[in-house]
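Engineer: With the hints as extra help, turn the sequences into a complete structure.
Here's the letter readout for the chains.
Protein chains: 4
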Amino acid sequence: MYFAYQGKRKMNYEVHGEGKPLVILNGLMMSTKSWEPFLEELTRYNQVILVDFLDQGQSERITDIEYSHDIHVDSLHDLLQFLELEKVSIFGVSYGGEVALQFALRYPNMTDKLLLFNTAAKTSYWFTELGNSWASALGDPLRYYLAAIPSVYSPKFFDEHEEWVEAHKEKLVEVFVDPMFIDSMKRLINSSQGYDVSNRLGDITAPTLIVASEYDHVTPYYEQKYLHKHIKNSELVYLPDSGHALLFEHPNLMISLMLGFLLTEHHDYKL
Amino acid sequence: MYFAYQGKRKMNYEVHGEGKPLVILNGLMMSTKSWEPFLEELTRYNQVILVDFLDQGQSERITDIEYSHDIHVDSLHDLLQFLELEKVSIFGVSYGGEVALQFALRYPNMTDKLLLFNTAAKTSYWFTELGNSWASALGDPLRYYLAAIPSVYSPKFFDEHEEWVEAHKEKLVEVFVDPMFIDSMKRLINSSQGYDVSNRLGDITAPTLIVASEYDHVTPYYEQKYLHKHIKNSELVYLPDSGHALLFEHPNLMISLMLGFLLTEHHDYKL
Amino acid sequence: MYFAYQGKRKMNYEVHGEGKPLVILNGLMMSTKSWEPFLEELTRYNQVILVDFLDQGQSERITDIEYSHDIHVDSLHDLLQFLELEKVSIFGVSYGGEVALQFALRYPNMTDKLLLFNTAAKTSYWFTELGNSWASALGDPLRYYLAAIPSVYSPKFFDEHEEWVEAHKEKLVEVFVDPMFIDSMKRLINSSQGYDVSNRLGDITAPTLIVASEYDHVTPYYEQKYLHKHIKNSELVYLPDSGHALLFEHPNLMISLMLGFLLTEHHDYKL
Amino acid sequence: MYFAYQGKRKMNYEVHGEGKPLVILNGLMMSTKSWEPFLEELTRYNQVILVDFLDQGQSERITDIEYSHDIHVDSLHDLLQFLELEKVSIFGVSYGGEVALQFALRYPNMTDKLLLFNTAAKTSYWFTELGNSWASALGDPLRYYLAAIPSVYSPKFFDEHEEWVEAHKEKLVEVFVDPMFIDSMKRLINSSQGYDVSNRLGDITAPTLIVASEYDHVTPYYEQKYLHKHIKNSELVYLPDSGHALLFEHPNLMISLMLGFLLTEHHDYKL
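So the sequence lines, in the order shown, correspond to chains A, B, C and D.
Using our numbering, you'd call the opening residue of the first sequence number 1 and step up by one each time.
Using our numbering, you'd call the opening residue of the second sequence number 1001 and step up by one each time.
Using our numbering, you'd call the opening residue of the third sequence number 2001 and step up by one each time.
Using our numbering, you'd call the opening residue of the fourth sequence number 3001 and step up by one each time.
Hint data in this document are derived by calculation from the structure and do not stem from the laboratory.
Because the structure is a prediction, the values reported are computed rather than measured.
The C-beta atom is built at its ideal place from N, Cα and C for all residues, glycine as well.
Any given hint might turn out to be false.
30 Å max Cα-Cα, derived BS3-like pairs, lysine-lysine [said to hold, decoys possible]:
#, chain 1, residue 1, chain 2, residue 2
1, D, K3033, D, K3232
2, A, K225, B, K1156
3, D, K3229, D, K3087
4, B, K1225, D, K3232
5, A, K171, A, K20
6, D, K3156, C, K2232
Cβ-Cβ distance ranges computed for the label pairs, FRET-style [what the hints assert, rightly or not]:
#, chain 1, residue 1, chain 2, residue 2, range
7, B, G1194, C, D2196, 39 to 47 Å
8, B, V1175, A, D268, 38 to 46 Å
9, C, D2196, D, E3018, 34 to 42 Å
10, D, Y3226, C, A2004, 54 to 62 Å
11, D, P3108, C, Y2107, 33 to 41 Å
12, C, L2142, A, G202, 46 to 54 Å
Structural biologist: The structure is reproduced here in structure tokens:
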């Protein structure tokens, strides 16, 4: 389905199932398609709204302006109004988690629960250079694969699933050759510049689940410790041995953590 | 409600709600009452069976024989048959997790999912001496409190909740003065001697969630790493900064982890 | 050798070897004797000053007054003046580390380097209760052993060295039956009440080595993280799998960390 | 100074100071020059032998044959014979640690102590791809910098030393433009293919120090845990918050760990 943001920019979204609404925000190289295998589980108790950010997946490219994360926060807000959803829980992973945080800060009354998986509070200097390393490898599909993909996995998972990784590599390299993918990726990477909510986390009021991975090279553990320290109503879960891409390394556990947090009503137990 | 194990030993149990059955097995100093505050959450999607082990809570004391964990495995099995429950998920914490593991090994077909929170695969020499330290402090309620309770919390939680801890202390000391409590506790501690399933974990087939805490002095993290390494179909979650008593330190997260694992159907995703 | 603090209280000390002076401050249940096996290594490049705190080892008992750590800081200072040592490096473990920190704050010009092993910045509420658990077990030697000793080791070391632990136990229980030991221990435990330098760590200027152990139940890891965060010129080393008693679990590594830090001159490398 | 390996290949080495000999083996992008700032400290008690591997630093390029680590083990052995050094301690970092391990396996009688900093037991599939990502970025100096350098630091150090990092970047980019550097780097990366001593670690008899860093993306922590588990006579030290390049992030601590381990004679204490 398409929503026309500002009456013109076509944004791909899908609504599945019924129940309390959960919006899922993709990581950089993901799309609504990434969630297909999990829809059976995710929609058992919730309505699930999948979205491709502008310049991502099947959403429209943005070639006329430079943009920051703001365009995603805005367009998500307008989409939710269009869908007449007054309050939603938001799950975001990595890039998606950063947009989720900014949405929760701008629209606290529309934010039910916040689920931040492998997410940071700002685009640090280090992360800027990591982004630059990806951007500078774009153009040559194998080089881009090598720059961006192995670091997304925990080294152990990568080693133990060589066959799967190699099959996946073939498919990815085909995607990475696409000029449209390349241009979008450059702009999306660029849109993270200047992102910094590190001083505003105290304003987050939504119950928040923060998930960190031991071998997450992209959004290292100390970022999630920082989020947990500054978001009042937050819980921190740490996954030993796993990497940035929980989706692939621990899909059942990822779903399980999501559902559990969504389906639990949080009480101030006086034990 | 009472079930008469072997036609004679009265075992206290409660059945709440409807849905797929979840049996909850207490830690050493817990009882069915410990779960009351959480029943609203726990029964939203599941039927919950609470049980006091024999010699625990409102179940009958066992003063005529020495016993091991076996009596709990047996009596739980007979109770489930009596309740006509063919397959249940079992959550156990600490002592309860140890009984859960043995139940899953003896009755694999009756075990749906296994949730092992702060649990070990055997009563190590170290744990034996820790148990002895508790046993040797029994008799003097304050001494027993000091021996058994502070180590159950993470030091940080304890420090940050001094008022709550002190109020709790008053109540506990009143319990610890009770001769019936003292005698039961001695027998329950004693029943863990010889417990060792460390070489049999490969036989566990149920999807298993293992939860570990950074500052768990009673069942230290390396025990849960061992469980995770040897139980094929298991997931490991690590909770930074928390102690042995998740119930008190992170009740919402505990419920959330339980519900999530129970409500997720585990797939062999071919991603 | 004995030094008469304030002309009257006899304090046991030993001076070994030659070179830059290193003062070694004992943990609660240690004494100058604990260091005998290591003197060959420790004196190869340094002069080593061993000290029994007042009320410890072969130093005089303090039965006429209540005291805090201050008496140790004072008496150490006077001893060093008597020995005409103007500047010393100070190694302290646990209780000894706490005295070392207070010495460094009061006599910064006399403090060369600071080596804090398994040390905390304050006697927290939690630690007070742990101390109370030890104090309340005094009187019955086996009970005291169980209360104080197993928690000093990492569970794994304890399990893997059962024979050694049992032999050690026999010797310790003989010590714990001694009324003089019992009374001293009560006073030493009590002397830690009110200890708190957590707000003054910014004043420490000495190069400081902080060593933490994964399974240190007595002075948990977050205490050393706190020290490291607030002592400007400090380095933090973390020892996986080990417990509070490095002396027994990793003697070679302990000596190695001590010597390395002492023998390295710290530079502000402009690399 | 130059040694002619096999009478022809010129190998750059330096001998500094007197005392028990310590051989220092460089990481991939290091050279004898990297150690200059530390010679004052390192030579205080030891003789230090610095070496540029063939194809590294001021040693001769190897353009006529393909080679593996073996050539370094061989040439190091011949150099030591030439220097009439019968037994040496060997420090190696990363690539240098891997050569050190192989030297210790082939020449146990010539190996005194082994110091393995940020080292792995094999070139895993994951590490192969990481090496490929570096190799594929060679040619464009900025791209190579981005591929290889930021991941060598802990993200936190990188962020907190932006000015230093940027100044360093300028210098590095000038090096990375050099065709001789590029060709050597390709061959050195390639020489790690097939490296695997993971099944032979039980044969290591030298006292071994293993140092790991929390945010070491290049040789992740689980590699050092593996080394520690399988090298009998080893100690494991873990450095929280630091990255692969201890040399830059914690120079004083690095020196301190080296000296301490070298200067301590290891005893089998019967405590």
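Engineer: Evaluate each hint against the coordinates.
Structural biologist: Quick rundown of the hints versus the structure:
| no. | hint | verdict |
| --- | --- | --- |
| 1 | D:K3033 with D:K3232 | 33 Å, violated |
| 2 | A:K225 with B:K1156 | 16 Å, holds |
| 3 | D:K3229 with D:K3087 | 25 Å, holds |
| 4 | B:K1225 with D:K3232 | 22 Å, holds |
| 5 | A:K171 with A:K20 | 35 Å, violated |
| 6 | D:K3156 with C:K2232 | 16 Å, holds |
| 7 | B:G1194 with C:D2196: 39 to 47 Å | 45 Å, holds |
| 8 | B:V1175 with A:D268: 38 to 46 Å | 25 Å, violated |
| 9 | C:D2196 with D:E3018: 34 to 42 Å | 49 Å, violated |
| 10 | D:Y3226 with C:A2004: 54 to 62 Å | 56 Å, holds |
| 11 | D:P3108 with C:Y2107: 33 to 41 Å | 49 Å, violated |
| 12 | C:L2142 with A:G202: 46 to 54 Å | 51 Å, holds |
Violated hints for the displayed structure, listed by number in ascending order: 1, 5, 8, 9, 11.
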